[in-house]
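**Q** Residue numbers (this note's numbering), protein chains in the order written: chain A, 602 to 916; chain B, 264 to 829; chain C, 2 to 321.
With a Cα cut of at most 25 Å, we get these calculated BS3-like pairs of lysine-lysine:
1. C/K76 to B/K520
2. B/K317 to B/K399
3. B/K627 to B/K685
4. B/K506 to B/K317
5. C/K76 to B/K685
6. B/K506 to B/K426
7. B/K583 to B/K752
8. B/K317 to B/K520
9. B/K552 to C/K76
Okay, the calculated bits of chain A under chain B, using three or more residues with CB under 8 Å as the criterion:
10. 675–686
11. 871–883
Calculated directly from the structure, the hints in this document are not laboratory data. A virtual CB, placed ideally from N, CA and C, is assigned to each residue, including glycine.
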Amino acid sequence: MLSYLTRRLTESFLVLAVMSLLIYLLIGLMPGDPIDIMIFSDPEMTPAEAARLRVLYGLDQPILQRYLAWLGNALTGDFGYSRLYNQPTLDILLPRLGNTVILMGLSFILALAIALPAGIYAATRPQSPVDHAINLVAFAGISMPPFWLAILLIILFAVTLGWLPAGGMGDGRDGWDDLRHLVLPVLALTIATVGGVIRFMRAAAIETLRQDYVRTALAKGLSGRQVVIGHVLRNAMIPVVTILALQMGNLFSGALITEQIFAYLGMGKTIYDAVIGNDYNVALVGLLLATLTTLLANLLADLAYSWLDPRISYQ
Amino acid sequence: MRHFILTLILAAGLLATAGSLAGPSPAAAAEELRIGISQYPTTLHPSREPSVAKSYVASMTRRPMTVYDQQWELICMLCTELPSIEAGTAVPEDLPEGVEGAGDGRGIALTYTIRPDATWGDGTPVSTKDVLFTWKAGRHPTAGIGNLELFRRIHAIDVIDNKTFVMHADRISFEYAAINDFRILPAHIEEAVFDAAPEDYRNRTAFDTDPTKRGLYYGPYRITEIVPGSRVVLERNDTWWGKPPAFDRVTVLTIEKTTALEANLLSGSIDMISGELGLTLDQALAFEKRHGDRFNVIYKPGLLYEHIDLMLDNPILADKRVRQALVYALDREAINERLFEGHQPIAHTSISPLDWVYYKDVKKYPYDPAKAAELLNAAGWSQLRGGIRYNAAGEPLQLEFMTTAGSRVRELVQQVLQSQWKQLGIDVRVRNEPPRVFFGQTVHERRFTGLVMFAWGSSPENAPRSTMHSEEIPAEENGWSGQNYTGFKNAEMDELIEAINLELNRANREQMWHRLQEIYAEEVPAIPLYWRANPYILPKWLKGVRPTGQQASSTLWIEDWTVEGR
Amino acid sequence: MTIPAGKGLLAAEAAQARGTALTVRQIFWRRFYRHRLAFCSLVFLVLLGLASAAAPLVEFALGVDGNLVDLFAAKQPPSAGHPLGTDELGRDLLVRLLYGGRVSLVVGLAAALCAAIVGTLLGLTAGYYGGRLDGLLMRFTDGVIALPILPLLIILAAIDLGKIGLPQALVGSESISLYRIVFLIALVGWTTVARLVRGATLSMKTREFVRAAEALGASAPRIMLVHILPNVVSPIIVATTLSVGGIILLESVLSFLGLGIQPPLPSWGNMLTSAQELIWDAPALAVYPGLLIFVTVIAFNFLGDGLQDALDPRALQGED
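All chains, full assembly: derive it from the sequences and hints.
**A** Right, here's the structure in full:
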């Protein structure tokens, strides 16, 4: 087990390193560099001044050298400063990551709470009208453009009914107000993800129901209910864990769109603003954090497998 | 068993989330104002990276030495009296060895006295020590504060006592007394940080590392809490020397989506939306129609000159007749009427009608498609095929039109203009870019080929040196400095620009300004569109908000804002 | 959560024990239902395609010009001259939607095709060679699926094409945003096809005609392309159809964020960008483009599902 962990961690680290190089190079391909922007906002800047600033920021060196300098700093924990907020990059990103985790977490739990019973129920009643209805709902869910959904929710709940705020985050003083600001984003993200989760759960549940031990249990005289709770549910946890890992990337993208539309200060919005605003440090580190989260989720999922399914072991 | 554990985890998660969200209950009744703006200030350091958002917030916590007020007159805020030649507090002098000036080679010695009651938030008086430090930091080559022309122009400062100093400038311009951008820094906090490592000062300045420190502010408010990207909270500053402001606490919330700004205003989460960074004009107009009974909307046209720069290197645009035709072909009045309900008056040159040097008899271009057609024909674009004009060589009259992507009003205006030009056989192709590309490269490296639409902000009576002088054309050789993106080269214009600032006689200056505007209107290096108005959305109970229409934020007079009938 | 009683479960299990999938009645009903949905979707998509292609005709019939800006008629409700009303510049909404459909559909299909090509090549290679190469490619595929795609695409979409050496004439052209988005989507949209093709290749590999070709000394590429490929066409078609929906969604998201199709070229995604600021004023402008994306994507999904049923007999046995 330990060697497996070590191997996985090393792999993840390698992936992160490759990603960091790739993204650094990509960012180097962005139009304009920080000095260009400074020149534009300060008409009095002389060319000598611009050249001096370039050297100061290290922009006159070849890109690989700059990357290695960045890597060196990163390994000591120095991730540079955000150009937009003039704070250390991590100081900006970590709280936002927390916000996104709240958003993704609540949405995922809610989606699971709907999809688990729906999927299992549909699986136990194949081809029934209920099954078809659930299937339809699932299809609708995965076909729905998430940004359109968010806009519709805003139109319905904020503009027409006026019940909920149309965006923003509340200012931390009143817990209920903060909660009200969370409702629509969570709802939007949940609806956007629930479709895929239902389909997955249903397929997994059907697969489980066909297993021999289920038939054995039924033959032994256990009622359907006992079978489902005792055997099916436990083994359906495995697909839940799988789906958490697989959906992580999806959830992140969905969260990015939701955060954009609701002006919710999360990682996705921060990365987007950083790319648009030429805040390269934040964009780079933000993306790496996102990748790291996904990799960790995958690793945890694999570990959870071995805990849930005693047949699987890692050497 | 597993599913029991799952339920436990679920419950724990929900509890934790609920717990983290339940914050402290609302504060006891103190007079509070909540302002919504659409951007967040990038850094709180007064001299770095000027931005409208920063200026808005900073104007509540500090006061400039001198500033232009709502009548566009220069006034003293931190100083006691404007130095003037007549009063003897401004004395022209010869420049010492090694100092190169401008104009007739003479400098001027300006005496300023800091207000005796001006005090930093921690009780330290604002003194000449701070002036000296500010000058030192501003001039430092590697501190990255930003090379303001002002710091370079001052070649010496003499300290008379701890409130009075004499500034020696290397040239005499008509606005010799204006040092609006000389933003005083607190030496007692910042100097030690600066001296330790000047190159790193921008990252270690207390304004960003410890922004709630009292001693950084000397205005009616000081900053007590910031959440980057989200809000800035300000509270009454006890050492403030002026009229006590009406509010104990001001919260500036950044909400980047204008629809969310509106929603928050309607639900009461914010009380007002600032005009400097709020809704777009058409959104404000629509808002006023729906909610005009609950809110006052003030439209203040200002010094934001929305225009179209023309690439004069393009052979099509090099011909003055084509440029003039482009303007005659536009019905700008209709755009103002239909899109802006008359709130954004059309511009005739780059000088605002509110500026005292505005030349009201300058040549104007009313909507005249016949005249436009005549000019185009005269310029050789007389063959019409398939709705597009061609010249004798068979080339089409085709131009590329660019502006910032994502700005809805701009894109709307762009499409209207494209449509109007199409009526005259001018094939205009639209191509937009995100602001960082547009400004960062396309415009400032002159990579555009035809028309680029954007806005200039300026200050009252500001000679257009960087945009009109022939030495200010950005090119690779000079490291792309300058803002004369059109490539305008006119000897008379160059002379006027150089002479205007140095002309102290008002009447003479006025004549020169008139001539300058005449040349601009005749040569059309850029198509003037309109003066952007900022809409301020205020609750009915808030009085006293007076926007200036120029760079100075309305918050510089926040102590005049009052509450009536809340 | 209601726990089902044993009946339904037992019935299904009993059927399986008998060796037939389900009762004849159940099979028929399910096929009919599936095919009905898929059939309706096909009809809808064909109609949509025709309508979009006929956008200029509709323009002509209504007597309007889709690009004509008429500020007097902005944000009008539906009327005789404008069946769906007008947008913020007074342009007819219906015509704009149809033109937008052209772009969205063409980009979606083109991108799906490119992605399918990439996916097929990868799937064939992985399935045929097997072993370590297969393992590597599948790990790579899993990696791509698991990545946070959107943030990465945002960065990719924001780079300056001039800096990577593309000629300036191309970079400044009107259709560069189209090419770019097709390329980007093809970069990440190939995973479904790759997986399905790999599975099919694996089972083809052991067939006799492949063995025979190998024995005759045919080269690996030849075997893959000439022998295996024609036999895995049905999974490719199914997978491609299934992926078109997701691809259209991806394009519309990127266009919505301002990084895909650039205005003035209309696409359903970028029509929503400006509409979202007008929801207080004219909410209808935000409803229609999104609705069209929704029904188009769901139609492609139903179609793909139905095709999967029809073309893959094994799907009849258990479930999806």
